[in-house]
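Read top to bottom, the protein sequences are chains A and B. Position 391 (the first sequence) corresponds to 391 in the working numbering; numbering is contiguous. Position 76 (the second sequence) corresponds to 76 in the working numbering; numbering is contiguous.
Mixed in with the good hints, there may be bad ones.
[Said to hold, decoys possible] Reference listing, derived: stretches of chain A covered by chain B, where coverage requires no fewer than 3 residues with Cβ under 8 Å from a Cβ of chain B:
| # | segment |
| --- | --- |
| 1 | 3-9 |
| 2 | 71-78 |
| 3 | 296-305 |
| 4 | 321-328 |
| 5 | 389-398 |
The set of hints was computed from the structure by calculation and includes no laboratory data. Idealized CB from N, CA, C, for every residue including glycine.
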Amino acid sequence: MNFDDTPQEAEFRAKARAWIAANAPREYEDELKKAALGRIQLKSANILEVAKAWQKKKADAGWAVPHWPKEYGGRGASPIERVIWQQEEGVFGKLGALFIIGHGMCGPTMMAFAREEHKLRYLPPLASGEHIWCQLFSEPAGGSDVAGLRTRAEKDGDDWVINGQKIWTSGAHHSDYGILITRTDPTVPKHKGLTMFFLDMKSPGVEVKPIKQANGQAEFNEVYFTDVRIPDHQRLGAVGDGWNVSLTTLMNERMAIGAGVATGFPELFDFVNNLTLEDGPAIENPAVRSKLANWAVRASGLRYTSFRSISALSKGERPGPENSIGKLVAGAMTQEVATYALDLQGASGVLNSPEDAEVAGKFQAMLLRSPATRVEGGTDEILRNIIAERVLGLPGDIRVDKDVPFNKIPTRGRA
Amino acid sequence: MNFDFSDDQKQLRDEARRFLTEKSPPKAVRAVIDGKEPYDRELWKGLADMGFLGVAIPEAYGGSGAGHLELCVIAEEMGRALAPVPFSSTVYLAAEALLLAGSEAQKQKWLPAIAQGHAVGTLALFEGAGNPSPKAIKLTASNGVLNGTKKPVADGAIADFAIVAARTASTGRDTDIALFLVDLTSEGVEAKALTSIDPSRNQAEISFKNVKAELLGAPNEGWSILSQVLDRAAVLVGFEQVGGSDRALEMGRDYALDRIAFGRQIGSFQAIKHMLADMYVSATLARSNCYYGAWALSTDAAELPEAAAAARISATQAFQHCSKNNIQVHGGMGFTWEFDCHLYYRRSNALAVGLGSLSYWEDQLIERMRKKNAA
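All chains should be built: construct the whole structure from the sequences, respecting the hints.
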């Protein structure tokens, strides 16, 4: 058991550190440090342009998505080297938020299911940030029942014609491409009639409408498809095999979200450590300490759990369903931490502008964003089911629609 | 980075699990709980023969000298099997104190006896309700003579010797406290067994009347040594708690698969599934915190005090959570004497306070994080 770099890892770290020191956009460092969950913006510049420029610079030097194979725009780094890169990139890693869906989910799905010529054509510009990708899965009626989707794809010559609607699509408003799951056969049970594609988001008939969220931001979108044509060679996996393809995406999603998910604890500890209450420093108050300690061990527990996963990955083990705990624990925790940080501010906890609020309104932003963390990429309840069923081996939920043809499933609870 | 036990250490864990499954079944735990024996002597001898008692004791003192990572994997199995023996008091507390601060003669006398299963040791720290604190120690030492009472002392009525925390002055400083090694057969020592919520591991009151004792470590460093002993024990007990958590989770899972109600396995109901998933989450976080503690303990890292407190809190929460909800999953059966659920519930709550309460360790953790932050 050790935390030491092997000589090879130490060499990788030294190279990464030197390159970052010479190339990172230091002018945005302070602003990025202050950026809160759900509010990564720059006052001094357009975040989209800065993020794309940083990603491009990394790509030119071979540091974009280091763990991807070289031919697709990576450098073939090991799982541990990937972590070393993240450690060294530090606060500049926040600029990658825009690319998480593409790099974490669309890319791996393309690698597993696209034709080789498509991989060579589409993956390098995805890696370099030239193209942004989104993942078109959720639908208004679906929610956690992802396979209940209704967007249709019908074969017409060498093309498929798409009609329907997606929702909660992160980043669709600035995406160039997307992966899309559709229903190609409504006469078979719901998991069996699905087919996956990738498409150009600029295709005629694609309409993107940002959704204003509870926290006032608009990261997510509704996406409408009206007679959108996708050539058959952009199909991922076999016709009717879309559910299996999507499982690859969803597992990668949980890895991508779970590995980097924020708990809010370091921010809370810093805040409390510098806070003075009526009767003295907040950190000396036993009730405050007890609260902090409980979150501290959850945050450290997650951190060392991820170290254990990385150690397992580096020995060639596959990422398993146990990785669901990252988002499950951290999602609920950010909400609790933010609520408590507001409580400590008393009445002024209501203030949330970066100018007036304590620590630039970080916790207020976190409070308003955290409900989404507990829902996106699988709700807390779905993640508990995954742990119960796939880690502990408990029976699956009763699914009365499992063997029913999709077009025979009732759509309303009350007439 | 390699954040896992080695293959050899995992093999040792398997070996310990096989041995304890056979030699420490619930039946053996119940024999001790029912008061037939104060502890399982045959198991104790078996543990010595397997080399488990001396795994972290150097060869020069009769141990195998394997190390603390090896002791961690054994501790986990001791917790999983609820081994009804004075393991934690002897191996984590007494032996660690000797290793940290004992004189050559003290080590030569007691460590081989521990490794061979010939001596049971303990730490006599508490004097009634309250957390570890120099101020709470009233028992006095004057010219090497002890007077006062300790309660509760883990395994105190069956121990052969104790490390006793005593007050040598009243300046109000931590340096007022010294540690003494006392042969419990000495004149003036009286030990009385007390009943406890977990009779599978004993508690006692020990009174000292003009007892001659030998110093352990420097006279002004008693509290500092004690604090290090408690940190080391926090990691090791943490592994016992992780082992217990895992077993309680397993029992709950197995029952949920076995029991049918409303025409279905109860494990198919989300209320039960989610309860078991939350048990898994707490056990996993505790295991990971304990792994970090194990690394810090085995390398004597500067991070040990903080890592130990985190391991202690996380493991205490996990074992209490898992043992409590294991009863809930079992429903009424879980509350019967006949089912083993209460054995884990008892042990979890005894371990939760045995090294000082959760609030004490919470306080320690934040104080240590604060100091690190200031440094």
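How the hints compare with the structure:
{"no.": "1", "hint": "3-9", "verdict": "holds (count 4)"}
{"no.": "2", "hint": "71-78", "verdict": "violated (count 0)"}
{"no.": "3", "hint": "296-305", "verdict": "holds (count 9)"}
{"no.": "4", "hint": "321-328", "verdict": "holds (count 3)"}
{"no.": "5", "hint": "389-398", "verdict": "holds (count 9)"}
In the structure shown, a violation is registered for the earlier hint numbered 2 alone.
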